[in-house]
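Asks: Single-letter residue listing:
Protein chains: 2
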Amino acid sequence: MKIIHKISEMQKFSASARRKGKTVALVPTMGCLHKGHLSLIDKAKKCADLTVVSIFVNPTQFGPKEDFSKYPRPIERDIAQCRKHGADAVFLPEAKEMYPKDSSTWVEELMLTRGLCGRSRPGHFKGVTTVVTKLFNAALPDIAVFGKKDFQQARVICRMVRDLNFPIRIILHETVREKDGLAMSSRNTYLSPEERKNALAIRRSLISAKSAILSGRKKIGCIGKMIRDEISSAGGRVDYVEIVDSSTLEPLAKLSGNILIAVASFFGKTRLIDNIDFKISTGG
Amino acid sequence: MKIIHKISEMQKFSASARRKGKTVALVPTMGCLHKGHLSLIDKAKKCADLTVVSIFVNPTQFGPKEDFSKYPRPIERDIAQCRKHGADAVFLPEAKEMYPKDSSTWVEELMLTRGLCGRSRPGHFKGVTTVVTKLFNAALPDIAVFGKKDFQQARVICRMVRDLNFPIRIILHETVREKDGLAMSSRNTYLSPEERKNALAIRRSLISAKSAILSGRKKIGCIGKMIRDEISSAGGRVDYVEIVDSSTLEPLAKLSGNILIAVASFFGKTRLIDNIDFKISTGG
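First to last, the sequence lines map onto chains A and B. The numbering used here numbers the first residue of the first sequence as 177 and each following residue consecutively. The numbering used here numbers the first residue of the second sequence as 177 and each following residue consecutively.
There's no promise every hint is true.
[Stated by the list, open to error] For lysine-lysine, the following BS3-like pairs were computed, each having C-alpha atoms within a straight-line distance of at most 27 Å:
#1 B:K219 / A:K188
#2 B:K198 / A:K182
#3 B:K188 / A:K221
#4 A:K219 / B:K188
#5 B:K277 / B:K246
#6 A:K277 / B:K430
#7 B:K188 / A:K222
Calculated from the structure, these hints are not laboratory results. Owing to the predicted nature of the structure, the values given are computational and were not obtained by experimental measurement.
One chain only, chain A, in its complex shape:
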C-alpha cells in the first residue's frame, strides 16, 4: 500500500493506473476511521480495480467555534486499518498544499445546502464542496464512495458532480451502526458513557417517526414534535429535526413520495447527526 503526500504524486498514481486500463475508487475521509469508513473501503474495492483512501481533516468545513483543533487524528491506526482492508493507496495531503496561503477559489452549491446542516453550520458545505473538488482533481477517481449518514453531504456532492461534469460515479453506502443502533461517527469518541447511552434516543426517535408515518399519521408538525420530545427527554439538545423530500431536501408539504427525516442534536458538547429515508407510495 502506497502512502502518498504530494498532490502531483497522487495524480501520477491515478494517471498511471488509468493507462493500464485500471479503474480507481476514492474514499474521502477525515480519518479516525470507524466501521462506517471501513465499509466504504470494502465497497470501493468491489467497484474498482484500485482503492484510494484520502485522509484530510479539512479546516474549511469547520466553523470558528467547532472542533477542528480537537478532531481526533489517530493517523498510524488509520493507516493500519486501510492496509488491513486492502486499500492500494492512502492519500495524506498537507494543508499547506491543499490551501496555499493565497488560495482564493471556492466551490459552492446553493440549493441543497440551504436547510439542515447548511442552516446550522454556515460555510460548512462550501468547505466540503471545495475540498472534495480538490480531492477529486488530486485523486482523479472513476468512482467515489460516500456514506448516507451524511445524507445532505452525499446529495450535495452528487449535485456538484453533475453540475460541474466531473467524470466520476458517486456510490452512496448505507449508514453503519453500532449494535444498539447509534450511527458510527468519529465524533462518538467525544461522548461520555452516559451521553453515549442517551444518544440512542436519536435513532429510536427516527424509527418511531417512520413507524408512525407508515401507520398513517399525517401531520408533519406532530411527527417533528415527537422526535424533538424523545431526544429532549433523553437529555439531548435538538439542533434541528427536518422532514424533507429526499431528492430536493426541501421541506415537505405532505407526507408522500421520497421522505428523509434528518436530525442533528447535541449530547453534552457533541453534535451528532442521523437520518432515515423511505418511500410512501402516493397511489391509493
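Starting from the known structure of chain A, arrange chain B on it as the hints suggest.
Replies: Structure of chain B alone, referenced to chain A:
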C-alpha cells in the same frame, strides 16, 4: 475533425486519447473566431497531440444588460476555421446540458476578481470560472490555451487551476492585433467604421503610457490620467484604467516590478478591453 455535442461523448474522446498515450489541448472559446482564437489553436497544436476547440456562448458570464443575445454566432464559419487550422474536435455543448434547470453549483475566485473587469462586471468571473470548470471536466485536457487580451481572466484561471488541483497546464498566448494595433475581439464586429478608427486610442494610450513609465515618469495618477485623456479625446467612454501588479492584480503603490496597465472603454455601445504588461527592474 469530430463535432461533439454531448458531454459524455467529449469525455470519451479524451479518455480514449489518453489511453493511447496521446495528450489533449483545449482551446475554450465563445465562437465568432478571429485570428486571435486561431493563433490559440495553432499554439495548442504545437503543445499537444490532439486539439479540441470548445465553442459555447456562456450565458452566466454576461450581465443582465450585456450582449448575450446579440453575441455573434457564425457557427458554420467557426467550424470551417477549426477544420482549416487542424483541430481534431470541436466541442459544441448545449446550454441545457451545461446548465440543467436545477443547476446550483458555482466556482468562484475571490481575490484576483476584485478589481478591473471584476468590479465593472459583477458576476462575470463567477460565470467564467464555473463554465471553465465544466469545460475542463468535459474535455479533460492536459493543456488549455488562453489569450492575454483577457489578462485578468487568464490570471483567474491559473489561480483556479492551482487552487482546485486541476491536472492541467495553462498556456497563455500573446494578444493578436489588427495591423493598426487594435486587439482582435469578437466584439470588434459591433463597431461602426468611425468607432473602429477611434478605438485605436486604446492601444495608442497604452503604448504612450509604457513609454512614459520607461522614460522615468513616476506618478501613477498622471499616467492614468494620460490614458483616460487620450481615450476620451478620441470619443471613448472610459470604464476603467488600472495600473496593477501583473501577478496579484493589486493596485501598485509605486511603478516597479511586474506592471500591468489594463483598460476597458466603450466606443459607442461596444465595450473593448486591452492591456500592456512589462517589467521595471527595481535595481539602481
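Asks: Against each hint, give a clear statement of whether it holds in the structure.
Replies: Going down the list of hints, with the structure as the test:
1. B:K219 / A:K188: holds (25 Å)
2. B:K198 / A:K182: This hinted pair holds, its Cα atoms lying about 25 Å apart.
3. B:K188 / A:K221: Distance ~24 Å between B:K188 and A:K221 Cα, so the pair holds.
4. A:K219 / B:K188: The hint holds at about 25 Å.
5. B:K277 / B:K246: Cα-Cα ~22 Å, so holds.
6. A:K277 / B:K430: holds (24 Å)
7. B:K188 / A:K222: Holds, at about 23 Å.
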